[in-house]
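Undergrad: Sequence:
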Amino acid sequence: MVTPPIYCNFEELQRAGGQAEPPVPAGAPLQVLGAWERHQDPSTGRCFFYNPQTGVTSWKPPRRHREAEVQKAGQLNRTKIAEGGRKLRKSWGVCWVVLARNSLVFYKEPKGPAPATWCPASSRPESSVDLRGAALDWARHLSSKKNVIHLRTVTGNEFLLQSDHEATIHEWARAIRDVIHRLDLENPMDVPFGWLRHIPSRDLGELSGDEDEAPWVTEGTRSPGTPPAPDSSEKKRVKSRLRRFIIKRPPLQSLQEKGLIRDQVFGCRLEALCQRENTTVPRFVRLCVEAVEERGLDVDGIYRINGNLSVIQKLRFAVDQERAVTSDGRYVFPEQLCQEERFSLEDPEWSDIHVVTGALKLFFRELPEPLVPYELFNPFIEAIKLPDPQEQVQRVAELVQSLPPPNYATLRYLVAHLCRVMERADVNLMTRQNIGIVFGPTLLRPEREPGSLAVGMSQQNQAVELLLAHFDRIFPTPP
Numbered sequence: 001m002v003t004p005p006i007y008c009n010f011e012e013l014q015r016a017g018g019q020a021e022p023p024v025p026a027g028a029p030l031q032v033l034g035a036w037e038r039h040q041d042p043s044t045g046r047c048f049f050y051n052p053q054t055g056v057t058s059w060k061p062p063r064r065h066r067e068a069e070v071q072k073a074g075q076l077n078r079t080k081i082a083e084g085g086r087k088l089r090k091s092w093g094v095c096w097v098v099l100a101r102n103s104l105v106f107y108k109e110p111k112g113p114a115p116a117t118w119c120p121a122s123s124r125p126e127s128s129v130d131l132r133g134a135a136l137d138w139a140r141h142l143s144s145k146k147n148v149i150h151l152r153t154v155t156g157n158e159f160l161l162q163s164d165h166e167a168t169i170h171e172w173a174r175a176i177r178d179v180i181h182r183l184d185l186e187n188p189m190d191v192p193f194g195w196l197r198h199i200p201s202r203d204l205g206e207l208s209g210d211e212d213e214a215p216w217v218t219e220g221t222r223s224p225g226t227p228p229a230p231d232s233s234e235k236k237r238v239k240s241r242l243r244r245f246i247i248k249r250p251p252l253q254s255l256q257e258k259g260l261i262r263d264q265v266f267g268c269r270l271e272a273l274c275q276r277e278n279t280t281v282p283r284f285v286r287l288c289v290e291a292v293e294e295r296g297l298d299v300d301g302i303y304r305i306n307g308n309l310s311v312i313q314k315l316r317f318a319v320d321q322e323r324a325v326t327s328d329g330r331y332v333f334p335e336q337l338c339q340e341e342r343f344s345l346e347d348p349e350w351s352d353i354h355v356v357t358g359a360l361k362l363f364f365r366e367l368p369e370p371l372v373p374y375e376l377f378n379p380f381i382e383a384i385k386l387p388d389p390q391e392q393v394q395r396v397a398e399l400v401q402s403l404p405p406p407n408y409a410t411l412r413y414l415v416a417h418l419c420r421v422m423e424r425a426d427v428n429l430m431t432r433q434n435i436g437i438v439f440g441p442t443l444l445r446p447e448r449e450p451g452s453l454a455v456g457m458s459q460q461n462q463a464v465e466l467l468l469a470h471f472d473r474i475f476p477t478p479p
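Numbering of the sequence shown is given in my numbering, commencing with residue 1 and proceeding in unit increments.
The hints are simulated quantities; they were obtained by calculation from the structure and are not laboratory data.
There's no promise every hint is true.
To be verified - For lysine-lysine, the following BS3-like pairs were computed, each having C-alpha atoms within a straight-line distance of at most 30 Å: (1) K145 <-> K108; (2) K385 <-> K314; (3) K90 <-> K108; (4) K87 <-> K60; (5) K108 <-> K60; (6) K385 <-> K72; (7) K145 <-> K361; (8) K145 <-> K90; (9) K87 <-> K72; (10) K145 <-> K385; (11) K361 <-> K80; (12) K72 <-> K108; (13) K145 <-> K60; (14) K90 <-> K146; (15) K72 <-> K90.
Stated by the list, open to error - Just the calculated beta-carbon pair ranges, DEER-fashion: (16) L33 <-> H181: 16 to 26 Å; (17) H165 <-> P368: 20 to 30 Å; (18) E349 <-> R177: 46 to 56 Å; (19) A469 <-> R365: 20 to 30 Å; (20) T431 <-> K314: 24 to 34 Å; (21) S351 <-> A100: 50 to 60 Å.
Keep in mind the model is a prediction, meaning the values are calculated, not measured.
Glycine residues also receive a C-beta, built at the ideal position from the N, C-alpha and C atoms.
I would like the entire structure built from these sequences, with the hints used as guidance.
TA: Okay, here's the thing in structure tokens:
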């Protein structure tokens, strides 16, 4: 069956009502669009479309073929690590992934045993990723898991995809790269891909559009007053030079490691933040702890009661505002001292101590990797399960001593502070158990959520309680 053409606009619909059918083309087409050809009527100068297989002619552009051919499908582990250029906390989950046409589509698998009749086609997609302009690399430094690929889109979204089977993830990487390459050849973007990843999200809407619905702009349909398109060879030459310039630029991570570019405070790797500040405990953590110990130890429910979320976010923005990072993720060079070196919690705006404690908890939650690294999560939990309390303490002490220096120093500093909070439990009601409930999932969390969330959280809480109860044995000396 021939798919009927569509009208570009209402005016054309009105005009088409009383017009004659387009003539049968006599010469070569101006453009071939799949099964259709674009010609120009010599008498009116207007473009029309012709299907040589069916003999149908039309003034209206044809509908584009929408059948999404599935190129690959299967089960993968997935986590989203950035959205719009802003980093997100890893949360691995199993999903069904379908590679079709120009998109990667994610389906959430049913909980529990899947019925025999379940298939992605019978369920609703959870999300999809447009692969036009995307980039794919191996995520060797972004996850402790093996066989992980890193997918970045032009809108600043980033995903990690993983399979336990090396051959499977290599097949996926090859298939996704083929699609990205094909889309680049079929629909090369006028704006270089690297630039799109640094454009503010509010501006991306002006550059993006539905590829399937975009009309063809031709000399015959160009509105009056619109300047003609630049010479094709000149555009290609400019694009080629821009691409070479972008490719030669050093990656952001190397500039950060050399100290040429500074990252934010929230969401920054602990090691990088401490190295930048030339300390073993981040200055923002010290500021928050000092503020709590000065005016919050006797406050009922300190750390347990949440502060105003909007004020907490405002405080976070105040800390990050001049950290050489713009709101859309682009980096600039600071001319003065970094923001947190000038920042003070003495400002009346941060007078609510629950806002300070909420910001401190948010800082630890947004670390790319928790204070107790992912690789030590299972050993910590196994230590908590030991039947002998003395063996528990000895094993946890060994694990704590194996932490990287910034992690050890920051954990020791925080737990020492929480011990002082616990000493005033008769006033603030923050017992060891309450502190464990608040800080367990924040300081100690798995890279992938366990099947039994309640059991996992209980053991995380117990780990923090153990650190509080045996502080002197687990942290014998300052770093």
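Undergrad: Between K145 and K361, does the CA-CA distance stay at or below 30 Å?
TA: Roughly 26 Å separates the two Cα atoms, so the pair holds.
Undergrad: Note whether the CB distance of H165 and P368 lies within 20 to 30 Å or breaks it.
TA: holds (26 Å)
Undergrad: Does K80 sit within 30 Å of K361, going by the straight-line distance between their CA atoms?
TA: holds (21 Å)
Undergrad: Is K72 close enough to K108, meaning Cα to Cα at most 30 Å?
TA: Judged against 30 Å, a Cα distance of about 17 Å means the pair holds.
Undergrad: With 24 to 34 Å as the target window, see if T431 and K314 comply at their CB atoms.
TA: With a Cβ separation near 31 Å, T431 and K314 satisfy 24 to 34 Å, so the hint holds.
Undergrad: Do the alpha carbons of K145 and K90 lie within 30 Å of each other, as the hint requires?
TA: holds (12 Å)
Undergrad: Range first: 46 to 56 Å. Now tell me if the beta carbons of E349 and R177 are that far apart.
TA: holds (49 Å)
Undergrad: Between A469 and R365, does the beta-carbon spacing fit 20 to 30 Å?
TA: About 24 Å separates the Cβ atoms of A469 and R365, which means 20 to 30 Å holds.
Undergrad: Quick one, are K87 and K60 close enough, alpha carbons at most 30 Å?
TA: violated (45 Å)
Undergrad: Within a Cα-Cα threshold of 30 Å, do K72 and K90 meet the stated pairing?
TA: Holds - the C-alpha atoms of K90 and K72 are around 25 Å apart, at most 30 Å.
Undergrad: With a cut-off of 30 Å on the C-alpha distance, tell me whether K385 and K72 pass.
TA: violated (43 Å)
Undergrad: With the threshold set at 30 Å, check whether the alpha-carbon distance from K385 to K314 stays at or below it.
TA: violated (41 Å)
Of the hints listed earlier, those the structure fails to meet are numbers 2, 4, 5, 6, 13, in rising order.
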